[in-house]
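Protein chains: 2
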Amino acid sequence: MAASIIDGKAFAATVREKVAGHVARLKEENDITPGLAVVLVGEDPASEVYVAAKHKNTVAAGMASFEHKLPADASEEELFALIDQLNADPKVHGILCQFPVPDHLNERRVVARIDPSKDVDGLSVVNAGLLASGEKGLVSCTPLGCLMLLRDQVGNMSGKNAVVIGRSNLFGKPMAQLLLQESCTVTIAHSRTQDLAAVCRRADILVAAVGRAEMVKGDWVKPGATVIDVGISRIPHPEKPGKTKLLGDVDFAEAAEVASAITPVPGGVGPMTIACLLANTVTACCRANGLTEPEGLTA
Amino acid sequence: MAASIIDGKAFAATVREKVAGHVARLKEENDITPGLAVVLVGEDPASEVYVAAKHKNTVAAGMASFEHKLPADASEEELFALIDQLNADPKVHGILCQFPVPDHLNERRVVARIDPSKDVDGLSVVNAGLLASGEKGLVSCTPLGCLMLLRDQVGNMSGKNAVVIGRSNLFGKPMAQLLLQESCTVTIAHSRTQDLAAVCRRADILVAAVGRAEMVKGDWVKPGATVIDVGISRIPHPEKPGKTKLLGDVDFAEAAEVASAITPVPGGVGPMTIACLLANTVTACCRANGLTEPEGLTA
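Chains A and B supply the protein sequences, listed in that same order.
Be aware that the first sequence starts at 1, since it is given in the working numbering, and climbs by one per residue.
Be aware that the second sequence starts at 1001, since it is given in the working numbering, and climbs by one per residue.
Same shape as in the complex, but just chain A:
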């Protein structure tokens, strides 16, 4: 195997440490405790696991964690009343509504209700616009996490060919914007792309976010490329009956023979998402209080 494995778990731990350091300074020097509010509507078991993990990490970083649970049949009015209250609360610097919400609620309307300066998921139209305009906003956690890994691994990305597979609002489009900001030549590929293998083979930086297990084969990877695998698919375990296994969008074993560096699944991009949620909350807190924002935690 030629490639070095990018240890997202270890890197996320260093991000969380940095965040905790900033939080401690904010408390000591400014008597401010950054606070993250998470709203959960209904009782989706997977969402409850995520929300619990976010809570644990928030508290571990020394921040205030506010959890709000609404019943599955909560009306838009009730949810909006809660969001308005959190928007107005000076102790709350980040607000996150855990998706999916029940069908009678509209995710885009929910996101639009959150004050953009507290939208630590970076999903709102205003934050998408700030990113697209090269202005300071809050950047969606997963692409921000990938950017941090790439900056650490590649350093100066100027002039590199970057290919992003996937064009979602959640990931592909903001990732492309971030890579453009780093002065990469950026190509956005997707399901309609012709000869995707050839497009990928030109990438010095290849970011896959499709959700199709092991779609990217070893011979799609340019020798020496850095490969970031954002996909997560759960498949039946090939050796352990009744068990499942997580796979990325990239055929890891094949790609690792060719790439210079690659993120594994699990343990690559995944752990960065919550770390970046904490980073965004500290950033939002500093901006809300007119304080210098932490270095290395933003786009």
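Think of the hints as simulated: they come from the structure by calculation, not from any bench.
Hints are supplied without guarantee of correctness; some may be wrong.
As the list claims (entries may be wrong) - 25 Å max Cα-Cα, derived BS3-like pairs, lysine-lysine:
hint, chain 1, residue 1, chain 2, residue 2
1, B, K1136, A, K136
2, A, K245, A, K217
3, A, K222, B, K1222
4, A, K27, A, K56
5, B, K1018, B, K1056
6, A, K91, A, K56
These figures come from a predicted structure and were not determined experimentally.
Dock chain B against chain A, hints included.
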């Protein structure tokens, strides 16, 4: 010469006709006259020419044209008071502040003051965010004009390789978003791009917006490509002393031997910009009044 010449002047005339038809219907059926307000600060001669052209075209399409001139030393407060008044005026559906404004004014703050639903230049953060999110907004006039020319010339763009040279907020970035929306595989190239010629040679659709005269040579163009030239440089006329000549980013004579279709400079993209300003004003008017918006005039 192999390529067909895309006649932007003629196409812009058809867009203006379509707009005029919609305006006439809006008057007849709904008793509504779409209105465009143009604000000019100071006395820049070039700006005065543009503003006069916009006024003439607005009136010719049957719309109301409101011109507001402020002195060169107008304060931000005065300008904002005017914008606020136009934002609140139900007869005004589009607002445009002619740039550049004098140095003591900040263009981004000016744009941000305009109600996004009246921002017919499509320059605001909110409209950039709507475009980036695939939602309905108002799209910057020059990229919208290029999109209209491409739809007319190419038809279905799904799966085509599109290369945009230039990554400005004004043109390159929104153009890339529009091409992505058409399901092209989109590459954004710029000054840091390595081997730009090779990148361009892969483009089925090549859009150049750099402002460097004749930078794109014939052998940068893929045989059969559609070439859209957004650049305009004014150079001393090679044969007529004391006169000047307009050149695009593309070496027209060379590229026309290779491309299947190409826009000339002048007479290509240029005339589309004002036509799209009128189109955006009608669209904004329909939306403001809860009416079906015209087909073929939006992204």
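Comparing the hints with the structure gives:
| no. | hint | verdict |
| --- | --- | --- |
| 1 | B/K1136 to A/K136 | holds (23 Å) |
| 2 | A/K245 to A/K217 | holds (19 Å) |
| 3 | A/K222 to B/K1222 | holds (23 Å) |
| 4 | A/K27 to A/K56 | holds (19 Å) |
| 5 | B/K1018 to B/K1056 | holds (17 Å) |
| 6 | A/K91 to A/K56 | holds (18 Å) |
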